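Here the protein sequences line up with chains Z and U, keeping their order.
Counted the way the working numbering counts, the first sequence spans residues 366 to 820.
Counted the way the working numbering counts, the second sequence spans residues 633 to 803.
It is worth saying that the hints were derived from the structure and are not from the lab.
Everything numeric in this text was worked out from a predicted model, so none of it was measured.
Take the hints with a grain of salt, since some may be wrong.
To be verified - Now the stretches of chain U that chain Z is said to cover, found in silico as 3 or more residues with beta-carbon under 8 Å:
#1 661-672
#2 680-686
#3 700-709
#4 736-747
#5 796-802
Stated by the list, open to error - Heads up, simulated DSS-like pairs for lysine-lysine below, C-alpha to C-alpha not over 27 Å straight-line:
#6 Lys549/Z x Lys651/U
#7 Lys501/Z x Lys397/Z
#8 Lys556/Z x Lys663/U
#9 Lys748/U x Lys735/Z
#10 Lys796/Z x Lys651/U
#11 Lys656/U x Lys501/Z
#12 Lys482/Z x Lys501/Z
#13 Lys744/U x Lys794/U
#14 Lys794/U x Lys739/Z
#15 Lys665/U x Lys507/Z
#16 Lys594/Z x Lys665/Z
#17 Lys549/Z x Lys744/U
#18 Lys665/U x Lys501/Z
#19 Lys651/U x Lys507/Z
#20 Lys514/Z x Lys663/U
#21 Lys748/U x Lys739/Z
Every residue gets a Cβ at the ideal spot worked out from N, C-alpha and C, and that includes glycine.
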Amino acid sequence: MSRKLLLEHINVPGINTLEVYRQKGGYRAVEKALKTLTPEEVVEEVKKSGLRGRGGAGFPTGMKWSFLAKPEGVARYLVCNADESEPGTFKDRYLMTYIPHALIEGMIVSSFALGAKVSYIYVRGEMMPQIRILEKAIAEAKAAGWLGKNILGTGYDLELYVQPGGGAYICGEETALLESLEGKRGNPRIKPPFPAIAGLYGCPTVVNNVESIAAVVPIINDGGDEYAKIGIGRSTGTKLISASGNLVKPGVYEIELGLPVEEFIYSDEYCGGIANGKRLKATVAGGSSVPILPANLTLKYANGEPRLMSYESLAEGGFATGTMLGSGGFIAFDEDQCIVRNTWNFSRFYHHESCGQCSPCREGTGWMEKILHKIEHGHGTMDDVDLLWDVQRKIEGNTICPLGDAAAWPVASAIRHFRDEFEWHIKEPVKSQSQNYGLANYANPIEKAPVTEEK
Amino acid sequence: MLKVEEQTPVTFSSELLAKFDEIKSRYPEGKQKSALLPLLHLVQAEFLWVPTSAMDQVAAYLNIQPIEVYEVATFYTMYFLKPQGKYALEVCRTGPCCLVGAEKILTHLEDKLGVKEGEVTADGLFSFRGVECLAACGFGPVLQISPEYTFYENLTTESVDKLIEDLKNKI
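Here chain U stands alone, though its shape is the one from the complex:
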């Protein structure tokens, strides 16, 4: 069941809706539902997660039922159904990355950030989770940071420390 968090309804800016229009034009007449996955990515880039009110508005925009959006948003792992840190770190935890130390990186993040996987740090800046193969096995361990999905390869505990410091100083 889709757990609905307490939330204030979000509003889509005209810039966001203009992007929606461009994406919708890529598909043949009557096949606008194809725009669903890209639209949810745009929503997530804007709000850093996908609130239910946004899903409802996407459904209305595409002229489909809300359930058609919910079932997609819950099926695909990239869509965050609850708020994340400003920087959501995703570390690959699949076979080849584990051969070169991905599990150590995950433990290190837990220690360094002082939160468990899936939780957000008190300052709201960071959250992290292990994800499955990110298709960069030769350069592991790897992590990506949403919403830009910037990619970091050949991680060590030192490089992770530096990365976190850099992100903190960015503000």
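Chain Z on its own, in the form it takes in the complex:
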């Protein structure tokens, strides 16, 4: 049984209330930080913990904090990124629904460390129930003196507000989020300047993911060194993994980083294997943006060594044979799933969500969607596969924000690993409308499956 730092008390009845959360040791981190530590010492603990941003990029949180500019007389802000929109990721929704005080406690400690007097939690607009939950929890915390003026008599003031988004994936990108919080369209800003220098209202700002902020609580309670003992190498601590797709037990799991991927998929403690007795065809390990991998490369490196759930291990082999941990959105595809159809679906998503600011992304995502629609519906030609490759290559790296890369990688990796399935759709335009390609050769070491099953 692995250690649980964030979800330890998830099944305790009433843990969403301040009273029960306190009984389980909640708000100890606030007391410890505000009464016994300086802001610099809190930052130091987070640095020692090795915590890396849980929203997808994996940038060290403590380092991000230490970049924050601190000019005299200028307000500083902490903004929590709760715009969870990456397909395959639903851990933040889970955390906010069941343990809202974990996020609020983390916000208080983190705001103290950064010297923020006003902090915002930017929640995606669709999560109105979670917004109501958070607002209720904030009111509870404020009534009990954990927020507001002179918290715990230490002289530290903090106001915490929840801000709803309007339904736009792009607002998960931190500068787009700040634009949106300022009441504008979510167009990402050109960097530099980074938010640490000029963020919200032009003031120094840190934007952190929900899970990163919640992780600050156990880091302060137990110390950064203790946190860093969990995990493997530079992937320290625990991570929430959102498991979806064709699994026996999809859901949110807290794992110690370094867990073998095979154990995560097949053990009863976690996903319990592939649903309906089917076999695994492919996975997207870190949210829809990261490269899709066939089953064999999901479980093992190209050299046959087992792959682990960590930032480094999932990236082993680069994009040729590896992927990324990303936001921890783990999507499993069984043998009946069509890679072309899924790639088309993801492309439609990115086309829909492109903010339209940069031409390569605005035009390229639409182009990819159209080509994939054509192939999926039996009208593709062999040139289309090469054209698709060409288009994705011209988006990657040529946009202001990473949405362009995020749109290009799923397409590139699908062609890289499943090219024969694309070609089969083109060679068999009629058959491909009623049948699936199945597992085929790339599922090695799993046994080859025949092409059957109605779609």
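Dock chain U against the given chain Z, drawing on the hints supplied.
For chain U alone, coordinates are given in the frame of chain Z:
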């Protein structure tokens, strides 16, 4: 271009304006424009969509240009720029939900309600549309119903039928 529907101008109640005031107080002096997204949500909860006259009044309230409201209302997908059913059903249609049958749910809704995506049923009760990822991939297929955004998980065609019957009987 913003297509303007035939409409009678709406009026904001004093309760709604009191909520506006509370939200505006959350931001520093001079940064009241930050209240725009939350205010539009309040407008939509009140009128079930965001009429142009409401946008103009929000602009006046926040002391910004109407275009600043239009560009935001048209950018974000949650704001309805034309009237919807009393219950606007939004079904996630992105990858992980499709792996577990979201497309079937959308087709089923079309059959069950007898309208196409984006249209309103004759009784004015229902409209539906497919939306992108709602961040509940492990519990798919999922749908939400605005304006409360109540959430329904692990949908089957049977559970959708029951949901629609329940909503009809609610009146």
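Right, here's what the structure says about each hint:
Note: the stretch 661-672 of chain U has 8 residues with beta-carbon separation from chain Z under 8 Å; the three-residue rule is met and the coverage holds. Only when three residues or more bring their CB closer than 8 Å to a CB of chain Z does the claim for the stretch 680-686 of chain U stand; here the count is 0, and the claim is violated. Check result for the stretch 700-709 of chain U against chain Z: holds, 6 residues qualifying (beta carbon to beta carbon below 8 Å, three or more required). Residue count for the stretch 736-747 of chain U with a Cβ under 8 Å from a Cβ of chain Z: 0. That is fewer than the three needed, and the coverage hint is violated.
Only when three residues or more bring their CB closer than 8 Å to a CB of chain Z does the claim for the stretch 796-802 of chain U stand; here the count is 0, and the claim is violated. Our distance criterion of 27 Å between C-alpha atoms is met by Lys549/Z and Lys651/U, whose separation comes to about 21 Å. Only pairs whose Cα atoms come within 27 Å are accepted, and Lys501/Z paired with Lys397/Z is accepted, the gap being roughly 24 Å. Using a Cα cut-off of 27 Å, the hinted pair Lys556/Z and Lys663/U holds, with the two alpha carbons roughly 22 Å apart.
Note on Lys748/U and Lys735/Z: the hinted pairing holds, with a Cα-Cα distance of about 22 Å set against a maximum of 27 Å. Note on Lys796/Z and Lys651/U: the hinted pairing is violated, with a Cα-Cα distance of about 58 Å set against a maximum of 27 Å. At most 27 Å may separate the alpha-carbon atoms for a hinted pair to count; Lys656/U and Lys501/Z meet this at roughly 19 Å. With a C-alpha separation of about 20 Å, the suggested pairing of Lys482/Z with Lys501/Z holds against the 27 Å cut-off.
Simply put, Lys744/U and Lys794/U have alpha-carbon atoms about 11 Å apart, close enough for the 27 Å limit, and the pair holds. Between the alpha carbons of Lys794/U and Lys739/Z the distance comes to roughly 36 Å, so the proposed pair goes past 27 Å and is violated. Restraint check for Lys665/U and Lys507/Z: the C-alpha separation of about 26 Å stays at or below 27 Å, so the hint holds. Pair hint Lys594/Z plus Lys665/Z holds up; C-alpha atoms about 25 Å apart against a cutoff of 27 Å.
Proximity of Lys549/Z to Lys744/U is assessed by CA-CA distance (about 38 Å); at most 27 Å being required, the pair is judged violated. The hinted pair formed by Lys665/U and Lys501/Z meets the criterion: a straight-line CA distance of about 24 Å does not exceed 27 Å. At most 27 Å may separate the alpha-carbon atoms for a hinted pair to count; Lys651/U and Lys507/Z meet this at roughly 19 Å. This hinted pair checks out: Lys514/Z and Lys663/U have alpha carbons roughly 22 Å apart, not beyond 27 Å.
Proximity of Lys748/U to Lys739/Z is assessed by CA-CA distance (about 23 Å); at most 27 Å being required, the pair is judged to hold.
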